Amino acid sequence: DAGVTQSPTHLIKTRGQQVTLRCSPKSGHDTVSWYQQALGQGPQFIFQYYEEEERQRGNFPDRFSGHQFPNYSSELNVNALLLGDSALYLCASSLSQTQYFGPGTRLLVL
Amino acid sequence: RKEVEQDPGPFNVPEGATVAFNCTYSNSASQSFFWYRQDCRKEPKLLMSVYSSGNEDGRFTAQLNRASQYISLLIRDSKLSDSATYLCVVNIASGNTPLVFGKGTRLSVIA
Chain A
1 DAGVTQSPTH LIKTRGQQVT LRCSPKSGHD TVSWYQQALG QGPQFIFQYY
51 EEEERQRGNF PDRFSGHQFP NYSSELNVNA LLLGDSALYL CASSLSQTQY
101 FGPGTRLLVL
Chain B
111 RKEVEQDPGP FNVPEGATVA FNCTYSNSAS QSFFWYRQDC RKEPKLLMSV
161 YSSGNEDGRF TAQLNRASQY ISLLIRDSKL SDSATYLCVV NIASGNTPLV
211 FGKGTRLSVI A
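Chains as they are written, first to last, in this note's numbering: chain A, 1 to 110; chain B, 111 to 221.
Because the hints were derived from the structure by calculation, they are not lab data.
Since we're looking at a predicted model, the values are computed, not measured.
C-beta atoms are modelled at their ideal positions from N, C-alpha and C, and glycine is treated no differently.
Treat the hints with caution; some may be incorrect.
Simulated restraints, written as ranges between beta carbons of each label pair [to be verified]:
1. Thr20/A / Ser218/B: 33 to 39 Å
2. Glu54/A / Ala221/B: 46 to 52 Å
3. Ala177/B / His67/A: 38 to 44 Å
4. Arg151/B / Arg57/A: 25 to 31 Å
5. Gly119/B / Arg106/A: 19 to 25 Å
6. Asp62/A / Ala221/B: 48 to 54 Å
7. Ala2/A / Ser191/B: 20 to 26 Å
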């Protein structure tokens with residue numbers, strides 16, 4: 001049984017560009033949450049998707065948007081990238097309470 | 111005040127030592143509590159859930175004090191492989207809701 005997978009593993013962008021990150025949840029999991037982890041910090045909740053809708057959202061600007069597909073996979077989109085968006089982006093999938101994290105996408109904005 | 115606060119690190123301990131991590135949370139309505147482990151440049155992985163009655167998993171013991179809003183993790187007989195960052199995590203509502211992470215405490219176990 002594959003765990004949570006994310007792509008790409010690494011990404012380099014320049015300020016102002018847009019990026020799309022992808023996540024496939026564990027088999028049987030219907031909920032996907034996205035977190036941003038800056039260097040030296042704990043992960044910060046961005047938003048959560050369930051039944052193809054954004055169910056909850058953290059304190060992130062509208063430049064951060066997402067989508068969940070019928071197969072429960074999810075995308076995170078970030079527009080107008082800023083230097084401060086450089087971080088590890090983690091996807092977590094869950095069925096009930098326990099969240100399982102993917103390996104993350106490391107984004108560097110130059 | 112941050113929602114979840116942890117001891118500042120790093121902790122550098124010799125093999126075989128006992129080390130304790132402390133964590134406090136600000137939201138008294140918090141429902142669930144966890145310790146996650148994160149290796150360098152890897153994703154967080156669930157180490158153990160924390161219950162009011164306390165729970166033990168081998169060399170690891172977790173305690174929760176709801177009255178003091180305090181969570182602890184004790185590692186006995188430290189191994190080199192225990193070197194990682196330990197994240198205190200709180201779920202402020204029941205069910206499948208967002209996790210709130212502390213900043214993490216880095217542990218280095220030295221031979």
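Here is how each hint holds up against the structure:
Evaluation of the 33 to 39 Å hint for Thr20/A and Ser218/B yields a pass: the beta carbon distance comes to about 37 Å. At about 48 Å, the CB distance of Glu54/A to Ala221/B agrees with the hint of 46 to 52 Å. Against the hinted window of 38 to 44 Å, the Cβ-Cβ separation of Ala177/B and His67/A comes to about 43 Å, which satisfies the hint. Here the CB-CB span from Arg151/B to Arg57/A is close to 27 Å, well matched to the stated 25 to 31 Å.
Distance hint for Gly119/B and Arg106/A: a CB-CB separation of about 22 Å, consistent with the stated range 19 to 25 Å. A beta carbon spacing of about 50 Å between Asp62/A and Ala221/B agrees with the range 48 to 54 Å that was offered as a hint. Between Ala2/A and Ser191/B the beta carbons are some 25 Å apart, a value that agrees with the proposed interval 20 to 26 Å.
Checked against the numbered hints given earlier, this structure breaks none of them.
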